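Student: Protein chains in written order, with the working numbering: chain Z, 1 to 517; chain G, 1 to 517.
Just so you know, the hints here were simulated from the structure itself, not pulled from any lab data. These numbers come from a predicted model, not from an experiment.
Straight-line alpha carbon distances no greater than 27 Å define the calculated DSSO-like cross-link-like pairs of lysine-lysine that follow:
| id | chain 1 | residue 1 | chain 2 | residue 2 |
| --- | --- | --- | --- | --- |
| 1 | Z | K92 | G | K442 |
| 2 | G | K92 | Z | K442 |
| 3 | G | K302 | G | K442 |
| 4 | Z | K442 | Z | K302 |
Simulated DEER-style distance windows between Cβ atoms:
| id | chain 1 | residue 1 | chain 2 | residue 2 | range |
| --- | --- | --- | --- | --- | --- |
| 5 | Z | P98 | G | E495 | 13 to 23 Å |
| 6 | Z | L434 | G | R37 | 38 to 48 Å |
| 7 | G | T64 | Z | S250 | 13 to 23 Å |
| 8 | G | S65 | Z | R23 | 15 to 25 Å |
| 9 | Z | S171 | G | R265 | 50 to 60 Å |
From the three backbone atoms N, C-alpha and C, an ideal C-beta is built for every residue, glycine too.
Protein chains: 2
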Amino acid sequence: MRKVDLASRSTLQARRMGIDTYRENVVYMHAECEVCRSEGFESQARVFVSCGSAGIPATLNVITSDLLRQGEAGLSDVAWIALNASDGDELKVEHLPPPISMSHVRAKVYGRQLDLAEYKAIVNDVVAGRLSNIEIAAFLTACAVDRLSPNEVASLTEAMLGAGERLTWPSEVIADKHCIGGLPGNRTTPIVVAIVAACGGVIPKTSSRAITSPAGTADVMETLAPVNLNLDAMRRVVHAEGGCIAWGGSVALSPADDVLIRVERPLDLDSEGQLVASVLSKKAAAGATHVVIDMPVGPTAKVRTREAAASLRSLLEASAARMGLQLQVIETDGRAPVGRGIGPALEARDVLAVLHQRPDAPLDLRERAISLAGAVLELTGIAAEGAGSAVARQTLESGRALLKFERICEAQGGMRQPGLAAHTRTFVAQDHGLITTIDNRKLARAAKLAGAPRDATAGITLDVRLCDAVEPAQPLFTLHANSPGELAYAAEYVESQSGIVAINERVQIDETKGESP
Amino acid sequence: MRKVDLASRSTLQARRMGIDTYRENVVYMHAECEVCRSEGFESQARVFVSCGSAGIPATLNVITSDLLRQGEAGLSDVAWIALNASDGDELKVEHLPPPISMSHVRAKVYGRQLDLAEYKAIVNDVVAGRLSNIEIAAFLTACAVDRLSPNEVASLTEAMLGAGERLTWPSEVIADKHCIGGLPGNRTTPIVVAIVAACGGVIPKTSSRAITSPAGTADVMETLAPVNLNLDAMRRVVHAEGGCIAWGGSVALSPADDVLIRVERPLDLDSEGQLVASVLSKKAAAGATHVVIDMPVGPTAKVRTREAAASLRSLLEASAARMGLQLQVIETDGRAPVGRGIGPALEARDVLAVLHQRPDAPLDLRERAISLAGAVLELTGIAAEGAGSAVARQTLESGRALLKFERICEAQGGMRQPGLAAHTRTFVAQDHGLITTIDNRKLARAAKLAGAPRDATAGITLDVRLCDAVEPAQPLFTLHANSPGELAYAAEYVESQSGIVAINERVQIDETKGESP
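Isolated chain Z (complex conformation):
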């Protein structure tokens, strides 16, 4: 048969559109384009785009205006980078065959238990972008609630682990801690790392930036020292000081997790198996052997009930055991924020106050950090059973934790002092009574509207704690922002919400002592 050169028919010239579509590869082709017409491509079609030896799956958007010239194909920013394209490069656009792992996803939808090879196929397709967001959403839904067995969680974890970098360290015992989350201000990590490293432990901590919260640990730590460490820098810091607090994003641990979380977030499904695989894969990828999990339990935390906590704990323990990971879960009070600050710099100030043992340091943050550090010291055998908290407390009170923290900051590139926002507004109690509830989610939202974490100094400081007795006009909390507009925006949200800080079961919020400065 006479061969036809099909390649020539489907070649277009690359053009960077300058459109940020986050992680979704998008290719833009003109409706009148020869390739579009002959392939029968329609908008939102899944296609395969290649440029030289690089190729990516992408979603098609059809251009109906003059944004593209004849013979051009545009690429979104992420696609441009993935293809390492230059203006005018030859692009080839073809139909994308359905990803093979979708048959495994369908099997899971039918309720079948998947094996390691099937989870590996799914995870590899997730990382390579071969599964669309719609297909990933179906996978996450099929795994939601309690539909993953401990064996499946272990398989999914191993698959996620295999799809990214895995750090190794020249010690047999590598400590780590992780917080299940949902509690603003619960910034124990820098203190725990300082205490454990000061006691001779090895704790190479990687932390995340905020996704939905007003601050991630990496955002907080960045107001105190650089956190964008590559693997070599991390090794150097940990070799010298025993610990670090780095941004996990620079070292590509469990890249599948990043994609899954981004799709899962709007669905807000309680997916135990997914959560456990996410946590354990990140810890194992960081090289941890002994992990303490901080699990805050409270009606507006991520884990809302005792029953949910017990179920999640048992899945964490069973899955960790299958992976040979030593793991201890500590349930903590998740009814209200920890410390005073919410937002990167404001939380960093709390951390420094505890390390410096200032009289006004938040007691709850201090006690939580001591108890978690104590658990790490016991789990890793540095302290005898039952003696962990005492050792941790002594390390903090002797000033050795502060010294270690300062040395870690210097090793990471130099210690900094967190700033302060230019504008504040304080909300005060209207009546007297007892503080009965504080809504973590609404406080977090208000802190984000004030600019956190994008603006590191923005956020909220809490002036009261649960069960405090308050008088009329007594400050409840203060908004911090760097522009009057942002301050007003966050304040408008606060005023529209009831129950952010509730006194004697009733909402008691009133305006204010004016703006400073």
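On the provided structure of chain Z, position chain G as indicated by the hints.
Tutor: For chain G alone, coordinates are given in the frame of chain Z:
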């Protein structure tokens, strides 16, 4: 408290980007835009865009180049139309609160049965675009396989029905037929409508265009007469002739179904409940009271096994009964295509051959149409029980069906003759033996590569049927295309596939008797 005018901060000037994103509303904002920065918007965020009194949910894409000027916000084509925007109109972009119906979707993920009000909330959010594709995918997955009870199917159907137009007709008995699909060339509808209407039945048929297949009934009919009838035109044709074959897209029946199908397609989940709700809502919306379902069963059809057929039949019957719809399911042979042609014009030629009783008319198409028309005649009481097929056959053989069909075509705007493609290539048997299998899916794919349905004359004609004995060099099937490139493209696919037409269990395809003209 001093009120701040927040509206003024978030106003941008509308600009049409000329980007077709199909049904997904996309708003484009510059990364440096004041609104983007102050709201903390990130790419892919879900936002609410308003323009005057109109407002739509949309997905944000961030522009990092000079495609937008300061103070401008771009809109994708569908968003532009939905907002009825003009260049320079003031747009307001705000955070989109999570849709309330997502809590019902989550309840369904947890395995709870939803009630009518909950399905209505979900369907209304689907139609209004408040649920993203990711959220719709989670809903479809939670409903997949057999997770909808007959009560839930009835509720979902009623909800879908309530979200669109519903046609009414001045007769008590309104007939309809529907094919579950997956069988190329199974184009009985024009023949069935002609026979039933010729017998005095009322059958206002709305049909779809192809989504994934080489031809929908509307595409085939359009080669014979106009099908884009509005409601008035449909009423006029049905009043005059008793039947019509119109494109359902012009009358907005069950718009929720259109959105759900588009998300479901790439997932390819066998979702009985969804399928039944889709079919029944479309039939009820078209005003049907008596419906015959053609359900082809075969390994490469949509329904693949007897068990799947039995299960789907019982759900269809139970759900229809709850809605007061008379429904009969006819299981048909789904092992191979029906008729000779695959593609709009080629299938229309088969339809005309049957109506004209030409000696070369495909027998299988003729017999299937007679049997389905007979079932409709019996179900609607036009023919006595057991006499339907005989009446249908007599109506066809007397020429009354042809006459009725021509009158319907004239009433729809004038009868046309289907064309023929300029280029063909025939594939022949390499060996002698019996035709054992024909792969519906691969044939459909080849027909699409040749240009169908975009190009109405493109497609395939089959020269053999299952169980035919063939000799070496005997034609098996012929590709039809309007350019040598498309012909080559489809031919390359055919040559790369095994088992499209299998002889004695082995693949037997060879080249060819050359190209004509």
